[in-house]
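Asks: Kindly produce the complete structure, drawing on both the sequences and the hints.
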Amino acid sequence: MYRVCLTNDDGPLSDNLLRLADALKDKVELFVVVPDGQRSASGKALTLKRPIRLTEKHEKRGYSFVSHDGVPADSVILAQWFYKDLDLVVSGVNTGANVGYQSILTSGTVGAALEAALRGIPAIAISQEARPEEWFNSTGGKRCFEMVCQTSTKLIMDILEKGMPKGIDLLNLNFPHEPTEDTKIVVTKPTKIRMHNEVEERLDPNKMPYYWYLGLERPPMAGTDAHEVLVNNNISLTPLVLDWVNDVEIENLRDYISPRDA
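In my numbering, the protein residues as written are 1 to 262.
I should point out that these hints are in silico values taken from the structure, not numbers from a laboratory. A virtual CB, placed ideally from N, CA and C, is assigned to each residue, including glycine. Just so you know, nobody snuck in bad clues.
In silico DMTMM-like pairs for lysine to aspartate or glutamate, Cα to Cα no more than 25 Å straight-line:
| id | residue 1 | residue 2 |
| --- | --- | --- |
| 1 | K27 | D15 |
| 2 | K60 | E146 |
| 3 | K84 | E56 |
| 4 | K25 | D158 |
| 5 | K27 | D169 |
| 6 | K184 | D169 |
| 7 | K27 | E59 |
| 8 | K189 | D243 |
| 9 | K57 | D69 |
| 10 | K27 | D85 |
| 11 | K84 | D22 |
| 12 | K25 | D87 |
| 13 | K189 | E217 |
| 14 | K154 | D26 |
| 15 | K189 | E178 |
| 16 | K154 | D22 |
| 17 | K84 | D26 |
| 18 | K184 | E217 |
| 19 | K192 | D169 |
| 20 | K166 | D247 |
| 21 | K162 | D22 |
| 22 | K49 | D69 |
| 23 | K84 | E161 |
| 24 | K49 | D36 |
| 25 | K44 | D15 |
| 26 | K44 | D169 |
| 27 | K25 | D36 |
| 28 | K84 | D69 |
| 29 | K192 | E134 |
| 30 | K57 | D85 |
| 31 | K57 | D26 |
| 32 | K60 | D22 |
| 33 | K192 | E217 |
| 34 | K154 | D182 |
| 35 | K166 | D243 |
| 36 | K184 | D22 |
Estimated spans, in silico, between C-beta atoms of each pair:
| id | residue 1 | residue 2 | range |
| --- | --- | --- | --- |
| 37 | Q150 | P239 | 18 to 24 Å |
| 38 | P165 | R131 | 30 to 36 Å |
| 39 | T153 | M221 | 27 to 33 Å |
| 40 | I257 | K189 | 28 to 34 Å |
Replies: As structure tokens, then:
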């Protein structure tokens with residue numbers, strides 16, 4: 001039976017995680033390894049300056065379960081330590097779409113999938129668009145989740161049975177907030193800029209200043225992951241490749257290097 005690690009950056013109370021785990025547990029040998037709380041926007045950070053401690057480790061709801069006090073990418077390293085020989089790492093389902101390079105390079109959900117891909121394990125990051133009041137909610141969004149589970153499970157089983165498409169290191173799957181019968185899966189590329197961040201200065205009760213980032217959405221370009229999810233209400237499937245620089249681009253860069261530098 002295929003061995004799959006399921007993780008996230010929302011923690012063990014995420015309803016999205018638990019529902020996907022229930023959908024997978026009878027189809028694969030499932031290991032759930034998650035941070036013990038909300039760890040959004042931690043990217044591919046690792047816990048290197050202190051010990052990592054387990055907060056739970058047991059059989060739960062028909063699968064092996066571990067929670068720890070680290071960050072999402074730590075989950076992949078711990079999963080390899082405890083369970084070994086993993087066939088796939090699935091990260092999600094995150095509350096909030098991870099579309100565009102801004103989110104992809106910041107997201108703890110995608111960060112865990114990146115850690116797996118760097119270690120040679122096929123990986124899928126799964127997210128669903130959320131309203132602002134749902135962001136950073138450790139229990140997940142409140143909506144119908146049936147299509148998300150069905151579509152994700154089918155993709156997971158296809159990857160396990162057929163292998164990852166040639167040349168692709170991981171897949172980034174994003175669902176709209178309210179998928180319908182007309183919603184379809186579209187293969188996309190990431191948009192570059194989805195949000196414009198501004199800084200707002202505020203005062204705390206002691207009249208000391210602090211600073212808050214304001215995320216202002218930009219209209220997404222047609223053909224990108226953000227446009228399909230946020231405008232067309234489609235499901236975006238984006239392939240990600242770790243070897244982004246090709247030989248031609250390397251040769252072009254040599255024009256900027258003096259003979260002494262070379």
